[in-house]
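Peer 1: These protein sequence lines map, in sequence, to chains A, B and C. Per numbering that gives the first Met the number 0, residue 0 is the first one in the first sequence, and the count goes up by one each step. Per numbering that gives the first Met the number 0, residue 0 is the first one in the second sequence, and the count goes up by one each step. Per numbering that gives the first Met the number 0, residue 0 is the first one in the third sequence, and the count goes up by one each step.
Keep in mind that a hint or two might mislead.
To be verified - From the structure, some residues in chain C lie toward chain B, with a derived Cβ separation under 8 Å: (1) 67; (2) 71; (3) 75; (4) 78; (5) 87; (6) 88; (7) 89; (8) 90; (9) 92; (10) 93; (11) 96; (12) 100.
Just so you know, these hints were derived from the structure itself, not from any lab. Cβ coordinates follow ideal geometry from the N, Cα and C atoms, glycine included.
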Amino acid sequence: MEHIPLNFPFLAAALLVGISLYILIFKKNLIKLIMGIAMLAAGVNLFLVSLGFRAGGAAPIYTNVTEGPMVMPVPQALTLTSIVINVAVLALMLTMAIHIYRHTGSLDSEKSRKMKG
Amino acid sequence: MAALITHSPILIIAIPLLAAFLTLPIGRAGGKARNVLVIASLAFVEFLVIILARDIYLNGIHIYTLGATSPELTLPGGAMVPIRIILEVDAMSIFMGIIWATVSLAAAIYSLSHMARETGQNRFYTLLLLMVAGCFGMIFTGDLFNLFVFLEIASISGAALIAFRTRFADAVEGGFKYIVISAVAGLIFLFGVGLLYAQYNSLNIGFLANAMQYSTLDIIALTLFLMSLTIKTGMVPLHMWYPDSYTVAPANITAMLVITSHACMYAVFRICFSLYGITLDATTVGWIIVIIGLLTMFVGVTMAVFQTDVMRFMSYHAISQMGYMWMGVGVGLAVLGNPEALATYGRDAISGGIFHILNHAMYKPLLFMTAGALFHRTGTRDLNKMGGLGHNMKFTLILYIIGTLSIAGIPPLNGFASKFLIYESVYQFNPVLAVVAMLVSIITLASFTKAFQSAFTGPQLPEYKDVKEVPKPMLIGMGILAAGIIFTSIFPGLIVERIVNPATDALINQAAYVNGIMGGGMP
Amino acid sequence: MLSKIVRTVTNEFMLFIVVFGLYIIAHGHLTPGGGFQGGAVIVSGVVMLLVAFNSQELKKTLSERVLSIMESTGALIFIALAFAGIGAAFFYNFLVGTPILGRIPATGPNPGDIWTGGVIPLMNLAVGLKVVAGLSAVVLALALFSSGEEMEE
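Okay, chain A solo, but in the shape it has when bound (with noise of 0.2 Å):
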């Protein structure tokens, strides 16, 4: 594992924030909005786990560990506090879709905008 960097979790994090930006700056349809709002979030989540690592930590668990140094637990509760909210932002994401699908009859945003001005 040594070659690979030690960046490359926070460039991987880089590239899913910048492509879900170009995403929701470009894209119409409904379903492709709430898909970059998810890549946004993983790109974020991954973003924090990878704050706390430590090279050569083992798990921050004490049952069975071996010993030495553990990683950082915090940004853990982080990400899994970011993951539940990001659910329920999802799910009421995906009904409010549904819902302007049955009243516009389309899933373009351009279509569906009744409020101008």
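Position chains B and C against the provided structure of chain A, taking the given hints into account.
Peer 2: The following block gives chains B and C in isolation, referenced to the frame of chain A:
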């Protein structure tokens, strides 16, 4: 009683939460039992906020550590780092708390008759109580990640409440926009929290304020926080979602959402003043906040002039009034490093901004609720279709006039007092800003006069001949806010000296905030 | 509704999924896991049932009344446990040191004693109950919503 005061920071958050979980089982026993539960819990929260406020003005900051052996034990066993989630209530937090408790009580009483025709009312009150708990948590917390969690709770329940009346297509669209924007803003905020955690290994605002060195990663984190909270507060240039969402919500929910965006603005002030404090490049950040406030004031009122939908018209005015608060506090932030300018006009500018928060939080929900009363009786929000309603709805007319005179800054009502304080102090900073502010105030008065004439005066239209006055609960809800406006108009000096100035001093004094946490250990 | 073989195997398999989910919930204070994770595992079993049977069939067992009662119970137990420690502070772990779940764990690597942790395993169970009820209500509601749309046409 002393024990109640010690535990009141967490009781103010936990009692609406408990009532929210109890609403579904008790709602099966009937609508009346549920209504009694909701109003009783909100009234008890208001009582707790008032006794906590009295104690804070006498004794200083209140700390509450969740899960310790005693509530003030922040550094157990002589540790150097505070562990556990800590709630820290100082004069600025309890100022926002008083506003939120009053407005949510008025909105809940209003919704007893406004939402009486909808199905699924148990779920409505559960979501309303969750939003109350979420916003209180955002105001009282002393921990950055806790701020994120409560921000998301308030956003999710707010979005569900906006889209509650699913039979209207534009309500669901407004709710969808709100939840998308809130999710993106929340995730950007979380990114900033991660950056700060990576450097200092702590999430507590007091500890971070102590350990802060203003490195490049901290500047990036500040930019991310400001971006995310600017989106959530509805400032120009990121304000496009604000009128769309606030127009289609039920009127009392819009009133509560306005205060939620005030709480996001409180989070900006907390981060700029108490977290970064004097290590920040005060002139640059202050000027950025002043420019954003100026743009917001101007764009808000010019977009409001030609609206025909009454709630959309009021949402644009809400955006424009928030610009006043940002400008006032931004002027204070810009001179934070300069002690003599701070004493001469900086402190008054911050006081003016904070006093304007109080006034706006009273007249803007009142105006939204009168618009909701118009919608409740006529079924339409279009100003072109309404006319001559002043003949039938006399109380609503009087309340609307009180709100209009207040927002336009006409003496002797309270809008004038706070705007005058802002004009005086901002003029000494830069005269152009004060001139633009006065111009915006004049245009506000003009547009509200046009809306008044269009909705209330004129000959009585035949289709509105049997329109009666709105039911009593709605009048009581609006009356609470109007009573607050009249009280503040008669005693503005008393309010400024007793409530606003302690809040200003609590914001400027970063050392007292840090000391509350770091000095709280057991020997 | 899928074929008879799939329905029978799904019914048998649900038992193992529920036991595995409960294992993850109950050991949350010792190994990775806890309330939300175990609840999500059980909900994946419910999704399997939803695919094998119709959503209309599943609605007869997991009706709205049952799910609502489960959800409220979980939430009220959690808040009641949090309020119970208010003698010292909110969320205070008042069961540490008492015979119920209160043994102090050893520090350092150890085989993991399940009767430790105080209030935390009980809160894990309450959260697991609420997560199962909440997420299965969401999944069931989305399934009924979309099939209702097709039936109208």
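Peer 1: With reference to the structure, classify each hint as holding or not holding.
Peer 2: Status of the hints after comparison with the structure:
Evaluation of the residue 67(C) hint against chain B yields a held restraint, the C-beta minimum of about 6 Å falling below 8 Å. Here the hint on residue 71(C) is kept, as its CB sits about 5 Å from the closest CB of chain B, short of 8 Å. Given the 8 Å rule on beta carbons, the hint for residue 75(C) holds: about 6 Å separates it from the nearest Cβ of chain B. The beta carbon of residue 78(C) comes within 5 Å of a beta carbon in chain B, closer than 8 Å, and the hint placing it at the interface holds.
At about 5 Å, the closest approach between the beta carbon of residue 87(C) and any beta carbon in chain B falls short of 8 Å, and the interface hint on this residue holds. With its C-beta approaching chain B no nearer than about 5 Å, residue 88(C) sits inside the 8 Å limit, and its interface hint holds. The interface hint given for residue 89(C) holds, since its Cβ lies 4 Å from the closest Cβ of chain B, which is under the 8 Å cut-off. For residue 90(C), the suggested interface contact is upheld, since its CB lies about 4 Å from the closest CB of chain B, less than 8 Å.
Of the supplied interface hints, the one on residue 92(C) holds, with its beta-carbon coming within about 7 Å of a beta-carbon of chain B, less than 8 Å. This hint is violated: residue 93(C) has a C-beta 10 Å from the nearest C-beta of chain B, more than the 8 Å allowed. For residue 96(C), the shortest C-beta to C-beta distance to chain B is roughly 12 Å, which exceeds 8 Å, and the interface hint is violated. With a cut of 8 Å, the hint placing residue 100(C) at the interface with chain B is violated, because the nearest CB-to-CB distance is about 16 Å.
Violated hints for the displayed structure, listed by number in ascending order: 10, 11, 12.
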